[in-house]
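The residues making up each chain are set out below.
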Amino acid sequence: MSTDGVPDHEAEMNDGLDALDIALKTSLEDLSRLSAARLGLEQTLTRIAQLAVRAIPGADGAGLTLIEADRADTVVSTDPFVNVVDAIQYRIGQGPCISAAAERRTLISNSLGSDTRWLQFGSQVARMGVHSVVSLPLLTPEGVKGSMNVYARAKNSFDERAAELGELFAEPAAIAVENAQILAQSQRLARHLLDVLEQRGMVDRAVGIVMSRSGGTAEQALERLRRLSQSEHAKLATVATRLVEEAVRRVVASQGEGDSDGLPSSNADPL
Amino acid sequence: MMMAPGFALRRLKVRLTDGLVSDVQDLVEQLDLDPEFILAPLQAIRDHLSLAVSSFAGLRLSVGPAHHPIVLSDFASEAAAVAVRSSMTVPLASLASVPTDGEITFYAGHPGAFVDLAADLRFALNLSDETLALDRRPTPTGPFNAVTGLVERSAINRAEGILIDRGQTAAAALEDLYRRAAVIGSSLTEAAESVLAELADPGLDPDVDPVGLAGPRG
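Taken in sequence, the protein lines are chains A and B. If you read the first sequence in my numbering, its first letter stands for residue 88, the second for the next number, and so on. If you read the second sequence in my numbering, its first letter stands for residue 10, the second for the next number, and so on.
I should point out that these hints are in silico values taken from the structure, not numbers from a laboratory. There's no promise every hint is true.
Okay, derived cross-link-like pairs now, EDC-like style, lysine to aspartate or glutamate, Cα gap no bigger than 16 Å in a straight line [to be verified]:
(1) A:Lys242 with A:Asp147
(2) A:Lys112 with A:Asp202
(3) A:Lys112 with A:Glu251
(4) A:Lys322 with B:Asp41
(5) A:Lys322 with B:Glu38
(6) A:Lys242 with A:Asp202
(7) A:Lys322 with B:Glu202
(8) A:Lys112 with A:Asp166
(9) A:Lys322 with A:Glu258
Pulled a few chain A residues facing chain B out of the computed Cβ check, cut under 7 Å [claimed, not checked]:
(10) Gln274
(11) His279
(12) Val290
(13) Asp291
Beta carbons are placed, not taken as given, at the ideal position from N, Cα and C, and that holds for glycine.
Starting from the given sequences, assemble the full structure and let the hints guide the process.
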């Protein structure tokens with residue numbers, strides 16, 4: 088009997104539960120402190136997978152797979168054997184990860200070698216010494232983003248509690264992926280618009296130069312530049328940029344040769 | 010092991026409006042670029058947010074200086090735009106590798122529609138409440154499906170080209186335009202248009218090779 092009146096064997100059980108709860112607690116605390124801004128999406132997902140392995144009793148490794156354009160690709164894993172196991176299922180097109188994503192539900196297997204759901208996959212990974220898995224879909228309002236797979240070498244490693252714990256980590260992983268996609272598309276849109284505006288800016292400056300030299304209208308100047316680009320088999324923006332840069336170089340050179348007009352010689356980027 | 014059913018896959022593709030598509034086509038036409046260069050990420054954002062935020066109404070992307078930005082507006086409809094009740098604004102500078110002034114604002118029809126997403130994005134980007142702001146932008150005014158500011162930007166850039174040809178550096182040309190605007194009490198665009206108007210238009214001089222090596226007139 089322990090000193091607080093609790094039977095020793097119960098105290099031992101409590102000690103064991105405390106250890107698991109401590110692992111879960113610290114994993115969840117670390118999860119709450121993750122910031123993708125500092126780590127980036129790949130590192131964030133790796134960290135989530137590592138925390139899940141720490142929190143789920145019996146887990147030996149985990150991986151996160153994203154599905155894009157109907158292709159699945161393991162993007163992060165906590166151990167090399169996870170990459171090998173995931174690669175097997177994507178190569179043969181069957182496995183718990185694929186099923187979890189397709190069925191949009193968590194799946195458990197505690198004896199992959201004899202699991203009739205994935206005979207080919209199970210037999211291959213069992214020969215590798217991997218016998219248990221929890222596969223969790225990464226779900227968002229937009230749909231299935233991928234899946235998280237937690238593996239164990241021992242049989243009968245996972246139960247419903249393991250699945251519940253895994254879902255605690257799959258949700259932030261799905262959110263991280265969705266946020267990253269929204270931000271990535273916003274970045275892409277802004278960068279592409281800036282790229283287009285920069286090119287148009289060069290074309291318009293070149294139009295101004297041609298207008299100044301020839302006295303024609305903007306449309307006439309643009310047409311001259313187009314003809315030049317066609318004759319040189321070069322893009323209009325390329326021809327325009329060259330013209331502007333040559334004009335600017337001429338100005339800078341003339342100022343460097345002692346031109347006394349007093350104009351500043353800043354080389355700040357044009358608008 | 011069964012879980013509660015997940016979300017149904019809803020590939021809801023809300024078509025971009027013809028007016029916006031036409032503006033984007035005009036934007037890239039001179040440059041031999043595919044309009045999908047702009048339209049594809051725009052459609053992707055709309056797809057993501059239409060599902061993530063049930064009352065998502067549209068977005069407005071503003072790039073460049075505040076006094077003459079280029080603004081791309083994409084709303085599901087004019088009705089959706091005038092019914093906006095919430096917004097979330099993300100500065101472009103907080104998005105990695107977008108080193109420019111500007112912001113992207115997302116709009117929705119329900120109050121508080123972006124609270125959860127804003128919290129997630131602040132966490133993801135390590136931003137303060139002030140930087141990634143909710144409801145900073147009032148109900149948007151039109152046009153709601155267009156790219157605006159291009160005519161003004163063209164005038165400014167063309168005027169810069171004229172001033173460069175007259176012997177100014179690019180930076181000095183822009184400063185000149187600001188000075189003109191201050192002197193005549195006008196906008197930068199009006200100052201640029203005054204430079205353009207100074208050019209006579211006797212028609213093309215066939216003896217002048219404006220794009221060759223002859224250099225500037227006068």
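Going through the hints against the structure:
1. A:Lys242 with A:Asp147: The given pair, whose Cα atoms are some 12 Å apart, holds under the 16 Å limit.
2. A:Lys112 with A:Asp202: Judged against 16 Å, a Cα distance of about 33 Å means the pair is violated.
3. A:Lys112 with A:Glu251: holds, 14 Å
4. A:Lys322 with B:Asp41: Holds - the C-alpha atoms of Asp41 of chain B and Lys322 of chain A are around 7 Å apart, at most 16 Å.
5. A:Lys322 with B:Glu38: Cα-Cα ~12 Å, so holds.
6. A:Lys242 with A:Asp202: Between Lys242 of chain A and Asp202 of chain A the Cα gap is close to 12 Å, so the pair holds against 16 Å.
7. A:Lys322 with B:Glu202: violated, 27 Å
8. A:Lys112 with A:Asp166: Violated: Lys112 of chain A and Asp166 of chain A sit about 23 Å apart, past 16 Å.
9. A:Lys322 with A:Glu258: Violated: Lys322 of chain A and Glu258 of chain A sit about 47 Å apart, past 16 Å.
10. Gln274: holds, 5 Å
11. His279: At about 5 Å, which falls below the 7 Å cut-off, the nearest Cβ of chain B leaves the hint on His279 of chain A intact, so it holds.
12. Val290: holds, 6 Å
13. Asp291: Since chain B brings a Cβ to about 3 Å from Asp291 of chain A, closer than 7 Å, the hint holds.
Of the hints listed earlier, those the structure fails to meet are numbers 2, 7, 8, 9, in rising order.
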